[in-house]
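**Student:** Sequences are here, hints too, so could you generate the full structure?
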Amino acid sequence: MNRLNRVKPLYSIRSTLTLTVSIIIIFILGSFGYVLLNIANKTIQDVSDQSSQTVINQVQYDVDQYLQTVELTMDSVRYSSILRNFLNDQSFKNREHTIDLFESMLLSRDDIISIALVLPDGQVVTNDRNNEVNTYIDQRKEDYYINALEYTGMQISSSHIQKIFLGEYQWVVSCSRGFEYRNGEKAVLIIDLNFSLIEEMLRRISLGDKGYVFILDPKGDLVYHPKRELIDSGLKHENIEGILNRHVDIFSDEIDDEKIEYVVTTSKYSKWTIVGRRFSTVSVYQHLFQRYYVVMIAAGVLISVILAWLLSSTILKQIRLLLGGIREFESGKLDVNVDIEVENELGYLAGAFNDMTAQITDLIDENKQAEKMKRKYELRALQAQINPHFLYNTLDSIVWMGEAGESKEVVTMTSALAKLFRLSINKGDTYHRIKDELEHVEAYLKIQQMRYGNQLIYTFDIDETLINQSIIKIILQPIIENAIYHGIKTLPGQGTIEVSLYQDYLVDLEEVCIIFEIEDNGIGMTEEEIDKLISGQYESTGKGSGVGFHNVDDRIKMHYGDKYGLVVESEKYEGTKIQFRFPLNEAVNYEKV
Amino acid sequence: MRRFNLMLLLLLAVILTGSVTWLALSNINVDAKEETQIHLILKAKPDRLSFWSQMTEGAKIAGTEFDANIVVTAPEREVNIHEQIEMVQEAIDEKTDAIIIAATDYYALSDICNEAMKAGIVVVTIDSDIDLDSPHSYIATNNINASKRLSYELSGIIGGKGEILIVGHVLGASTTVDRIEGFTQGIKPSEQIELYDKIFYADDNEDKAYDMTKEFLENNRIDAIFATNEVTLTGVGRAVKDLGLEETVYVVGFDVNNNIMQMLENGAVDITMIQRPFNMGYLAVEEVIDLFNKSEVQTIDTGSVMITKDIMFSPENQRLLVPGAKNHSTE
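Residue numbers (my numbering), protein chains in the order written: chain A, 1 to 593; chain B, 1001 to 1331.
Keep in mind the hints are simulated off the structure, nothing from the lab. One thing to keep in mind: the hints can contain errors.
[What the hints assert, rightly or not] Here's a subset of chain B near chain A, in silico, CB distances under 10 Å, partners left out:
id, residue
1, Gly1058
2, Ile1144
3, Ile1289
4, Leu1291
5, Leu1320
Heads up, the beta-carbon is just placed ideally off N, CA and C, and yes, glycines get one too.
**Tutor:** As structure tokens, then:
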């Protein structure tokens, strides 16, 4: 039995199944997910590169357009007759007209801060007659002035603080252009732009979460940057060198511990470099993908575990049933039937097991039946037996009585002996009426009394309603024989035997029983002797009938069941009381048969 | 058994759907988390002074970067110590997450700020420190070093001899104390430079600085004046300019604004030490966020740059004079 408990096949089947299914699911999900992830990354990268590139090119186009409008404005001022007149004749009136012209140019333009004309002698004419020109600064030393003299066309400066007006300091981009004044000298027209329009243009550009666009001039200075303060103060950085010396227009970088991507284009017109900075697109999506991926794997494992559980449960349920049957069989319940009605190997196995138990049960039953029959025949033989000593003694008594001329006693004893024999032979039936049994006992007792004389006295106390009940034959006589030979014979005084019959409800058997009681006042037994008697180890010494107490008990139990039989109460030197118990309903009433 | 399986699978499907939905939703919620609130308590109203407005700008930009809501309060003037104490109390009452404070007085703010720290509020000092029980982060210019450099430079210009008047902004503020201390340390014993007996305090009032200086210059001869902050430097510079003493009296000081720039250009002011208020504001907020994430307290020196007329518009320096190229910042 222990062998089955030692190994744990149930768990190993379940875990093997779970492990196998999990590995398969993880493998499938893993390889599938990996391929999918790579395809998705590539696609996202391509798409976002393309769209970013488009956006940046659009920004460059817009900025160029914007600067071209500034150049148009500049040309319209440069070629205007008002300016020409002023250059020819710097009268107060012409100067006022020029200022008016400049002023009118500014009216509709929020993005232009100031327009200024710088003459070779350092004289400055601006759009604002109320604002004092800053005389601490010589405009001719500024970069935008020098460049305008040196190069043709409109020059665009780096962003710088414009201090053309006294006490005003503003960040601007200066557009400047030199043109013929007189005697080969050149005058320079300056238009200062603030960043309102550029900011407006770039602010609308979306490059994903936290992405933005900024502009560099050819020297690498920032023209515009949405986080200019952070860059200027050195709190944040851009890889400006990398941008200017780039080989491709889209490249990844790591700046301030952030993985980013630059999308760059340089304008041929303004020489400005438009830079889009965005968070690494793939890394953003990858993060998202990874989360779903992990969930998918987790779900896969969960599903596989549950699947394996369910699968193994169905199989294991049958195996458990079968195993339970085997264990029951082992513990002695031989007619086990395992209830598995599945058309698979386990079903066949269960069927085979059931066949086996059935066969074994049959064999055992047959065996039992045979055994029972054997004992029945044995007992029948025993019950038919009459102690030859008894017969010899009785006949001897008759002879003595005959010789003494006690013919009346001879008749009584002989007829009692005849009755005794008639009742014990009686067609060999197993059962007879209680009345017959009582007659049988009375005949026996009569013979014994005649032999023992006054030494033996017997009385009957019978419930007459019960005497037609049936009972197995010859059960009282062996007990009475025991009582006489072992209890009374050696008694010095008078021996009494009291036979009573009644019915009573017995608490320990929980039913109404027929009870015979044989009570003697013989020498009695010790507990030890009672135990020996019940277990059949008691050697009947001397002339016992040979049908011992144990055999009587055996017969009652065989015929009526194990709970019935003999009950002994005895005390040494006080006497013995023996109870026979039979079921009332089991006994056949002869009158009704 | 079969019905049981079906139920299990159904349950599984529900769990799966739920978790995926939860995941998707939690992605959105990451951005919608509750904002940190940080009170920035300045010494004086930022609209009046470039220094404080730049600091506010820096703090606000950092607030955007780190998802923090910056609440800026300030007393009308730097001398209004009690007003500032009340503002700290208000911040405590509002159960703010952190206080960044530029203290008007090294000692007067101690009790209230200790109380704030006990209430679990992170306190970071900026520009001017406070005498606090617990260690705390302090973000400021190293004022002693900066003014030491300033006095070296000044004594070089005036040829190692002469008399210098000091005009401080607020008696008791750590910036005033440190700058005067540093300035004094920077004067070499070998040189024949004397400090005027009395240190003037302008109580963070430009007109007072102007009046004191003007009255002093009308009655005394002095070689140089050291003004300890934006307000006093503006007042002192104006007085010198109005008296036409640009060429004879050297004026040095701290901080910059449009007026001071102009005075640098016209010679009324000769040297100014520029601090980095924008960086202070930004770094203070960043420090608060770091402290939330359990980093150690530290003192951050944001540095200073000496500016004279000759170098004021160099590409590097002009960024410091007028930070930010945005249109609105110059309005």
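**Student:** Take the hints in turn and mark each one as holding or not.
**Tutor:** Hints versus structure:
| no. | hint | in the structure |
| --- | --- | --- |
| 1 | Gly1058 | holds, 7 Å |
| 2 | Ile1144 | violated, 22 Å |
| 3 | Ile1289 | violated, 14 Å |
| 4 | Leu1291 | violated, 18 Å |
| 5 | Leu1320 | holds, 8 Å |
In the structure shown, a violation is registered for the earlier hints numbered 2, 3 and 4, in ascending order.
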